[in-house]
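Protein sequence lines, in the order shown, are assigned to chains A and B. Residue 68 in full-length UniProt numbering sits at position 68 of the first sequence, and the numbers go up by one each step. Residue 180 in full-length UniProt numbering sits at position 180 of the second sequence, and the numbers go up by one each step.
Hints in this document: simulated from the structure, not taken from any laboratory. From a predicted model like this one, the values you see are computed outputs, not experimental measurements. All C-beta atoms, glycine included, are put in the ideal place defined by N, C-alpha and C. Incorrect hints may appear among the rest.
Stated by the list, open to error - So, partial list: chain B residues that the calculated Cβ filter (under 10 Å) puts toward chain A: (1) Leu-62; (2) Val-94; (3) Arg-118; (4) Leu-123; (5) Gly-127; (6) Ser-272; (7) Pro-274; (8) Ala-275.
To be verified - Listing some non-contacts, in silico: residues in chain B with all C-beta distances to chain A over 12 Å: (9) Arg-114; (10) Asp-139; (11) Phe-160.
Unchecked claim - To spell it out: a stretch of chain B is covered by chain A in this simulated footprint if at least three of its residues, at any positions, have a beta carbon under 8 Å from a beta carbon of chain A; those stretches are: (12) 48-58; (13) 98-108.
There are 2 protein chains.
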Amino acid sequence: MTAETPRRQPTLDEVAERAGVSRSAASRVINKAPHVSRATREAVEKAIQDMGYRPNRAARALATQQTGIVALAVSHDDPELFADPFFAQVIAGVSTALEDTDFHLLLCLASSDRGRSRLTNLLHARGVDGVMLMALREDDPLTDIVSKAGLPAVHGGRPFGFEPSWYVDSDNVGGARLATEHLVGIGRTRIVTITGQLRTRVGEDRYRGYREAMVMSGLTPHGMAEADFTEAGGAAAMRTLLDRHPALDAVFAASDNMAAGALRVLNELGRSVPADVAVVGFDDLGIAELTEPPLTTVHQSIQALGTEMTRTLLGLIAGQERTSIILPTHLVRRGSA
Amino acid sequence: MTAETPRRQPTLDEVAERAGVSRSAASRVINKAPHVSRATREAVEKAIQDMGYRPNRAARALATQQTGIVALAVSHDDPELFADPFFAQVIAGVSTALEDTDFHLLLCLASSDRGRSRLTNLLHARGVDGVMLMALREDDPLTDIVSKAGLPAVHGGRPFGFEPSWYVDSDNVGGARLATEHLVGIGRTRIVTITGQLRTRVGEDRYRGYREAMVMSGLTPHGMAEADFTEAGGAAAMRTLLDRHPALDAVFAASDNMAAGALRVLNELGRSVPADVAVVGFDDLGIAELTEPPLTTVHQSIQALGTEMTRTLLGLIAGQERTSIILPTHLVRRGSA
DNA sequence: TACAAGACTGGAAGCGCTTCCAGCCTTTAT
DNA sequence: ATAAAGGCTGGAAGCGCTTCCAGTCTTGTA
Numbered sequence: 001m002t003a004e005t006p007r008r009q010p011t012l013d014e015v016a017e018r019a020g021v022s023r024s025a026a027s028r029v030i031n032k033a034p035h036v037s038r039a040t041r042e043a044v045e046k047a048i049q050d051m052g053y054r055p056n057r058a059a060r061a062l063a064t065q066q067t068g069i070v071a072l073a074v075s076h077d078d079p080e081l082f083a084d085p086f087f088a089q090v091i092a093g094v095s096t097a098l099e100d101t102d103f104h105l106l107l108c109l110a111s112s113d114r115g116r117s118r119l120t121n122l123l124h125a126r127g128v129d130g131v132m133l134m135a136l137r138e139d140d141p142l143t144d145i146v147s148k149a150g151l152p153a154v155h156g157g158r159p160f161g162f163e164p165s166w167y168v169d170s171d172n173v174g175g176a177r178l179a180t181e182h183l184v185g186i187g188r189t190r191i192v193t194i195t196g197q198l199r200t201r202v203g204e205d206r207y208r209g210y211r212e213a214m215v216m217s218g219l220t221p222h223g224m225a226e227a228d229f230t231e232a233g234g235a236a237a238m239r240t241l242l243d244r245h246p247a248l249d250a251v252f253a254a255s256d257n258m259a260a261g262a263l264r265v266l267n268e269l270g271r272s273v274p275a276d277v278a279v280v281g282f283d284d285l286g287i288a289e290l291t292e293p294p295l296t297t298v299h300q301s302i303q304a305l306g307t308e309m310t311r312t313l314l315g316l317i318a319g320q321e322r323t324s325i326i327l328p329t330h331l332v333r334r335g336s337a
Numbered sequence: 001m002t003a004e005t006p007r008r009q010p011t012l013d014e015v016a017e018r019a020g021v022s023r024s025a026a027s028r029v030i031n032k033a034p035h036v037s038r039a040t041r042e043a044v045e046k047a048i049q050d051m052g053y054r055p056n057r058a059a060r061a062l063a064t065q066q067t068g069i070v071a072l073a074v075s076h077d078d079p080e081l082f083a084d085p086f087f088a089q090v091i092a093g094v095s096t097a098l099e100d101t102d103f104h105l106l107l108c109l110a111s112s113d114r115g116r117s118r119l120t121n122l123l124h125a126r127g128v129d130g131v132m133l134m135a136l137r138e139d140d141p142l143t144d145i146v147s148k149a150g151l152p153a154v155h156g157g158r159p160f161g162f163e164p165s166w167y168v169d170s171d172n173v174g175g176a177r178l179a180t181e182h183l184v185g186i187g188r189t190r191i192v193t194i195t196g197q198l199r200t201r202v203g204e205d206r207y208r209g210y211r212e213a214m215v216m217s218g219l220t221p222h223g224m225a226e227a228d229f230t231e232a233g234g235a236a237a238m239r240t241l242l243d244r245h246p247a248l249d250a251v252f253a254a255s256d257n258m259a260a261g262a263l264r265v266l267n268e269l270g271r272s273v274p275a276d277v278a279v280v281g282f283d284d285l286g287i288a289e290l291t292e293p294p295l296t297t298v299h300q301s302i303q304a305l306g307t308e309m310t311r312t313l314l315g316l317i318a319g320q321e322r323t324s325i326i327l328p329t330h331l332v333r334r335g336s337a
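Kindly produce the complete structure, drawing on both the sequences and the hints.
Structural data, given as structure tokens:
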């Protein structure tokens, strides 16, 4: 590494002096405030150029009471769970939305108690201007921590049993309805569903969408089994469903992972998909294209979730009025239905 | 959301007043500085408790010239590439190491010009105390940006053709040697290799490990094809290798993705693995367990890479002496060799 | 009993920036 | 020509914290 200037960064005072104006004048040109003559502006701009000046963030934060940083707080039990492409997508979405602003992203993995206390501290110490949080579990402590902090906050997804002031969520009910209607549309009538945890909002919503669609199509829900959004859970649920409803001809699985598990079991048991039983999943996060057969599924855009959360948060920070957002979903037809 | 105190956070002055001491005294107890009487300390601690005081981060940063934030700068062309479990692992490792410190993690995706200029600004504006960077491409601009900033920095992996002052890297040469030796050990002699880009350090190193092991075993490198670490690239390379060296009996692929591609081609062409040709990969990042047959591969711990980068960086920030680190790798035997 | 050596303490000076304000200088309208 | 209405300007007061320093109050020792 070449020996780079370890010298102090220039300060606003030095810039002002070099430009031959007062510090306030220099500050005004930097902040594009009014009441600056052309001559002053140009002199200051030149000095800034020459000296390579950048306003010190800490000083500015102290003076303006704004840090220019937003936090993304993620609650996850299992450290592995973070490897889920889901989070990568959220982060990608957030980053995209942040890219043409002056805000930066602080990533807070608040799983352990220690992590949560760090987050609490950060918020109360006004280390960030706002928070986006992914609090997926029921009674997630994050929800409380964040609401107590008195900072702008937007939820990704909705917590179970409580409606945050601001959230961005996929249209889970609508998506599940779409999936079910598709199965009805291709002539299936003995449609069962594998749900996620019903004590999560997303699990509940997707189950509701299924029921609504069944009822509206004049069918009665044919059977359900609660699983946990995982491949293994989906496989187990599929087994019990086949056991209880041997005549089933379609299954709506509330996640692609569970659908993959279901497919595996169906394949093992010699039920051909989609001929004997049609399968529709939910998420469309990569795995759907790799199953055998490829999975017909409901697509939700997690990146969009990320960017919309960010936009909403930045709006709130700027003091604008904002409302929560439900993102549309749509069906992607592949081989399984 | 319940209406939470939108009231200002208490300041140190208020704490001091309530405790009946001076601001400096209060500051001392907070920072566990010496020369504080028991009575003073207890009074201040009580006031802090009562008022729920937290030192304001911006103010402290301004006074101490330390932000308590470290950046992880990632250079990626393709936004999708970020979905690579690789990054999730790095982040998980970094977070773990950060968990019992008072530092927070700022995530900087510096792909576009805009992203890079944001990073440059952040560094020069002293928005963070140090940087970890994953600059994987040759001549990655990140390397330059960061070195010019005059901030503690540690590289994850080594850039091509330049040895940073501080880095943490997997033992790619050693790992490749391990893989190749294993193939030799099971009696293979016509061993070919599929390399990553040879204009990246990791590509070069793994190729070198292969050659060294071959030579040391008294064999002559049997053939090589350069690919790009992807599944498709691996498949293409496998085809050309089979074409040029029909008698090959083993292949060392410098990544699991490429190995997966190679396996696919071998399966398609009816060469049985490992009977006809043995395959060893490198990385052990999940996919290795899912191939058919499961992949024998060289394991590297990306989480460890993350935690070691973090520890090194924090050490540098604290002014300690530090040296670069090469992390060990080991062979994981599965079905393919 | 006196005195040096420490242990505490609070005042004050920053850290680098924004922003209010009073004063000055131009304009423009009278 | 003159007064009112601005546009510009720099001084100064913060933002909330750390830290140096010169004092004050204890101690222990001679």
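So, going through the hints one by one against the coordinates:
A hinted interface residue such as Leu-62/B counts as satisfied when its beta carbon comes closer than 10 Å to some beta carbon of chain A; here the least separation is about 4 Å, so the hint holds. A hinted interface residue such as Val-94/B counts as satisfied when its beta carbon comes closer than 10 Å to some beta carbon of chain A; here the least separation is about 9 Å, so the hint holds. Taking 10 Å as the C-beta contact cut-off toward chain A, the hint placing Arg-118/B at the interface holds, the least distance being around 7 Å. The closest approach between the C-beta of Leu-123/B and any C-beta of chain A is roughly 9 Å, which is under the 10 Å cut-off, so the hint is satisfied.
Because the closest C-beta pair between Gly-127/B and chain A is about 4 Å apart, less than 10 Å, the hint holds. Against a cut-off of 10 Å between C-beta atoms, the interface hint on Ser-272/B is violated, since the closest Cβ of chain A lies about 21 Å away. Restraint check, Pro-274/B versus chain A: the minimum CB separation of about 24 Å is more than 10 Å; hint violated. Of the supplied interface hints, the one on Ala-275/B is violated, with its beta-carbon coming no nearer than about 25 Å to a beta-carbon of chain A, more than 10 Å.
Once the 12 Å rule is applied to beta carbons, Arg-114/B is inconsistent with being away from chain A; the minimum gap is 6 Å. No Cβ of chain A comes within 12 Å of the Cβ of Asp-139/B; the nearest lies about 15 Å off, and the non-interface call holds. No Cβ of chain A comes within 12 Å of the Cβ of Phe-160/B; the nearest lies about 15 Å off, and the non-interface call holds. Given a C-beta distance limit of less than 8 Å, the hint that chain A covers the region 48-58 of chain B holds, as 6 residues qualify and 3 suffice.
Under a criterion of three residues with beta carbons nearer than 8 Å to beta carbons of chain A, the stated coverage of the region 98-108 of chain B is upheld, 8 such residues being counted.
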